[in-house]
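When the count follows the UniProt record's numbering, it moves up by one through the sequence shown with no breaks and lands on 42 for the last residue.
Just so you know, the hints here were simulated from the structure itself, not pulled from any lab data.
Heads up, some of the hints might be wrong.
Cβ pair distances, simulated, as ranges [stated by the list, open to error]: (1) Lys40 x Lys5: 49 to 55 Å; (2) Thr42 x Asn3: 40 to 46 Å; (3) Thr32 x Lys11: 30 to 36 Å.
Pairs of lysine-lysine, DSS-like flavour, derived with a Cα cap of 27 Å [to be verified]: (4) Lys38 x Lys26; (5) Lys8 x Lys23; (6) Lys2 x Lys14; (7) Lys20 x Lys40; (8) Lys40 x Lys23; (9) Lys5 x Lys20; (10) Lys38 x Lys23; (11) Lys20 x Lys8; (12) Lys17 x Lys5; (13) Lys26 x Lys40; (14) Lys17 x Lys2; (15) Lys37 x Lys23; (16) Lys26 x Lys14; (17) Lys26 x Lys11; (18) Lys26 x Lys37; (19) Lys11 x Lys23.
All values reported here derive from a predicted model rather than from experimental measurement.
Don't be surprised by glycine CBs; every beta carbon is placed ideally from N, CA and C.
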Amino acid sequence: QKNQKDQKNQKDQKNQKDQKNQKDQKNQEIMTMVSTKKMKET
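Whenever a hint applies, use it, and build me the whole structure from the sequences.
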């Protein structure tokens, strides 16, 4: 049971990390788009 719990915890942690990474990437893409748009306007 302990092993199962540990595995689940590792998986949960990995999922959280992956989600955070995806979110960070998406945010960065949006920032890049915004700054590119601003540059084109000026």
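Index of numbered hints that the structure contradicts, given in increasing order: Failing hints, ascending: 2 and 7.
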